[in-house]
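Take these sequences, add in the hints, and give me the full structure.
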Amino acid sequence: MTGEDILKEIESDHDLGPVYRLARRQLAEVNSVEALKDLRIAILGRKGRLSTLLQGIGKLPPEERRRVGRLWNQLKAHLEAAIDEKIDRIRYRDMEDTLRGQAVDITLPGKDMRRGSLHIVSQVVEEIEDIFIGMGYRVVEGPEVELDYYNFEALNTPEWHPSKTLQDTFYVDNPYGTYQDVLLRTHTSPVQVRAMEITSPPLYVIAPGKAFRRDVPDATHSVMMHQVEGLAVDDDITLGDLKGTLEYFARRMFGEEREVRFRPHFFPFTEPSAEVDVSCHMCSGSGCRVCKGTGWLEILGSGIVDPNVFGYVGYDPEKVSGFAFGMGVERIAMLKYGIPDIRFLFDNDIRLLRQF
Amino acid sequence: MRVSLEWLSDYINLEVDVDELAELLTDSGTEVEGIERMGLNSEGLSVGWVAKVRPHPNADRLSLCEVDVGGSLFEVVCGAPNLEAGIAAPFAPPGSFLPDGTHIKEVDIRGVTSQGMLLSGIELGITGDTEGLLLLDLPERENADLEEALGLPDTVLVLEITPNRPDCLSVIGMAREIAALTGCELRMPPVELRESREDASGVVEIEIWDTDLCSRYTARIIDALEIKGSPWWIRRRLQACGVRPISNVVDITNYVMLELGQPLHAFDYDMVSDHHIIVRRADEGDTLTTLDGVKRDLGPENLLICDTSGPIALAGVMGGERTEVGDGTRKVLLESAHFDAANIMRTSRSHELSSEASYRFERGVDPNGCVYAADRASFLIQKLAAGKVLGRAMDVVGRAVEPVALEFRVHRAGRLIGVALDSGKAGDLLGSIQLDVQGVREEKAEEILNVRVPTFRPDLEREIDLVEEIARLYGYRNIPPTLPKTSHNMGGLTREQSIRRSIKRVMNGLGLYEAVTYSFISPRWLDVLDPDGEVFPRDIYKLRNPISEEMSAMRLTLLPGLLEVLRFNLNRRNLDVFVFEMGRVFEPLRDDKLPHESISLAAAMMGLWSPKQWSEESEKVDFFTMKGVLEGLFSSLHASEFSLSRERFPFLHPAWSCRLEAGGEDCGYLGLIHPRVAEAVELPPETALMEIGLESLLNAAPELLAYEEIPRFPAAVMDIAVVVREEVDEGEVLCLIKDAGGDLLREARLFDLYRGEQVGEGEKSLAYSLTFYALDRTLKDEEAKASYDNIVEKLSGTLGARIRS
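The listed protein sequences correspond, in order, to chains A and B. Residue numbers for the first sequence follow this note's numbering, beginning at 166 and rising by one. Residue numbers for the second sequence follow this note's numbering, beginning at 100 and rising by one.
If you're looking for bench data, these hints aren't it; they were derived computationally from the structure. Among the hints, erroneous ones may be present.
What follows is a set of in silico ranges between Cβ atoms, one per label pair, in the way DEER data are often shown [what the hints assert, rightly or not]:
(1) B/Ile345 <-> A/Gly452: 37 to 47 angstroms
(2) A/Gly452 <-> B/Thr593: 39 to 49 angstroms
(3) B/Val816 <-> A/Ala247: 41 to 51 angstroms
Backbone N, C-alpha and C define an ideal beta-carbon position, used for all residues, glycine too.
Printed below as a string of structure tokens:
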């Protein structure tokens, strides 16, 4: 029997019916906690109407007595709950009325919570790292002060190459000895050479870090910048694999709808080599200030690892092949967020740091 | 490099439009950086034929002339020195507009009405020539279109030629490339020499002493020439390529260099002592005044062209003044030679002298192109400077350079590129760029092509170089994108890399912004921070060639960079700045070429830690703000506790200067800036600083955390106020409390520090909240009380402390 059926049975009962109907009516009428408390005594109190009924029930025949007794109990529980519930309802209503009356200015500012943020360069480095970690790459690091061997020679850069001159590369004097081959790395590729020296293939690594070039500082050149270089060496790495990998990266970095273009280019340590452009996210390729009207943004240099480079680290170019790529973090940050001048990134103006 | 399409069309029929061409070039590795359209931005101009010339009645230096434009005659006043009957020049009739916007009207000049104006190159806005009217070189008197007569409209492609493609540094090189890309036919420039009977071998002698640096030297002798200005079409093409026209012979050497890529030089034959050319390394003490007027000291690393009295040219870079071709030159010795790329590059760099010639030589010129270029230039001199070309090119070969023969494995190339390749396709692609594919043989499921590489492609030396050619000609866009087929790669960060990321995030959470500063600093910082050299040695790594003193020393500490950040912000009225940096510092090692690089974490804070708010008072940064940051950092890393000890650091305020220790090792410092330093760098004296070696932090952080039981039984909390003498450290009191409290004392927290009337002079009151509990039972009051009493006893016994109640 459902609760509703029970109430119907109570209502039709000769003795309980009138008490129930009266109680229901009174419950609907009273509107204060005080009156409800009085009502509870009047109905459920020791001398209340419900208790009084008990005497009559005692005189009923046993069969009938059990039935009515059960109904009586159910009616008592029902009325107790109904009164309690109404008391709560009225109390909450009164509380609501009082609370609503309080005048509060919610437009006052919240309390100042300090927060800091990662430098935009770190944010972009982490974003790039995470994309490649997702593709199974490890992150490797190496020294900023490097040897010519790792920075140039083992990367197949000829002895007379213009990038090696004092005009383009910072050379460093060791305070305890005279060496001509200590320099500030001009890219993070030397880290890859070091990684290959201590790891046999297969190898999937990226190398983030600072690099230094003796450029005259201007809006797009800085004597220091950050790079992320990558290297994959395995049994059958192809130029197609390079394309697939970097297309995936470029779309993750700049948006799924970006087009990616590979142009043949030249680097001493890769062959064939490719520069990678992504269609401009500002104008979607129609030409704007950011892409200088070309519709394309150059974001990466890459290529198939030159067999000579494998020669330096003892890999057999007939057995393994690989691809390598490198990108400038500041350039990517500037393109992605529309920052007009690379020097802003190292001023560390707190107003710029707060923006990212 | 700049290439004129009008010029290109001499050698190929361009059947694609400019934008398509640009895309083809970019896709094959020659990036088109710009497309410049050249034309006359004017209105109503035409070709004017000067029919008659007579003197101006009222002015000696002016003439009157009759100009014929397609049958209409105009009477024009003109003062140009090169005005004569029969010439054709650009003409602006009344009603027309010049490119600069000038409106041409009939005007009265000294009593005669001039119906328009004959024009110079400057007035047309297309040349810088000042020699009077721009003479148009038209075959016959016809009603020609002015733009066409001027070789306009033209389009110039601005190309980025990569260093491996010296063969593209010429119009013919680009024509060859475009012919390969579009399949059109290549026409080589004509040479129709009429050599005189006199043989050059009798009038000149050539010796190459250093054949390692000069593999070939070819010379032509041209006599009886007339030095004058070049015709317009030569000047215009030179200008389109960014070369300034000078006079016919010099212009022709430049023209042929741009056309064929072979640099040429013309010597005034009569100035070459004994007409004897010697190619040799410079001796110590040799000097040469080059065409730019600079007297240069030379040494054995420089290659010279000499005659019997000394140097006459810096080989491959620039000629000398003594033998310069000038207006009086009647006979020239035309040099077309091949020099070593690396040597020219070194000479050009060391003398800071770069020329169109050196630019080409240092990238690599065809060693077998000398004779053709010499003949082509001689032909043009014969045609345009009335020169008589003596019989025979004097061709001295110091070292013969033969075409390279390569074997090319077709399937291997296909595998490396990621496409299916067969010998037919590969042969076609290699043939399209004029490589000589001499046959195919099969070997173990591989097809091998024998390829001879012409000497104009010095970059193709290995099989992999041919793979690159195949890839770019096949088209990168046609290679399907794939991912490496591997199961070997497992990526991720190392523990250290993850913790470094965490530390940065924690510092952010604590309210600090990350800064990134340069790895090099000004060495003067060390004197500011540490004038007596107590902590920072001066034997440090310095840049040999810094761009400025400010960025010349590898940092030993991150402090200077951060102080500069504060300074920079203060200058911009950013007063409240809290920054940290994590970066490398460089410690010299006595027995290593490279320094020891370690990662350091530093923080600097100044200003209001929390601003005045409507609900809160403001709070300044002080020592304890930075200490709180450090505590927050250690607890977020679950690192073991650090400790501070009073120790003087020369850049820290002597009263607020601490050494930082963690895990029993020294690892950094914490304090307020020394007022001396603050004054020197103009920072507020309450600036708080901290630096810690990352390695110590990593050591202090646990590899693994273990669960610690949470009490199920209620704790007893009691407060205690301890009055001690002022000189007693709070740390000491706390330490005693913890010792005396025993196992049941789980936490002791200082909640008040009081000085004043309630305590004696020279005393302070420290109030602690003490929490006692046991893990296995509810504590009885007596148990907590016993522990409390023990604390009271130890405090009074050891420190003479009183307990306030």
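Legend entry - Violations among the numbered hints: Per hint list: zero violations.
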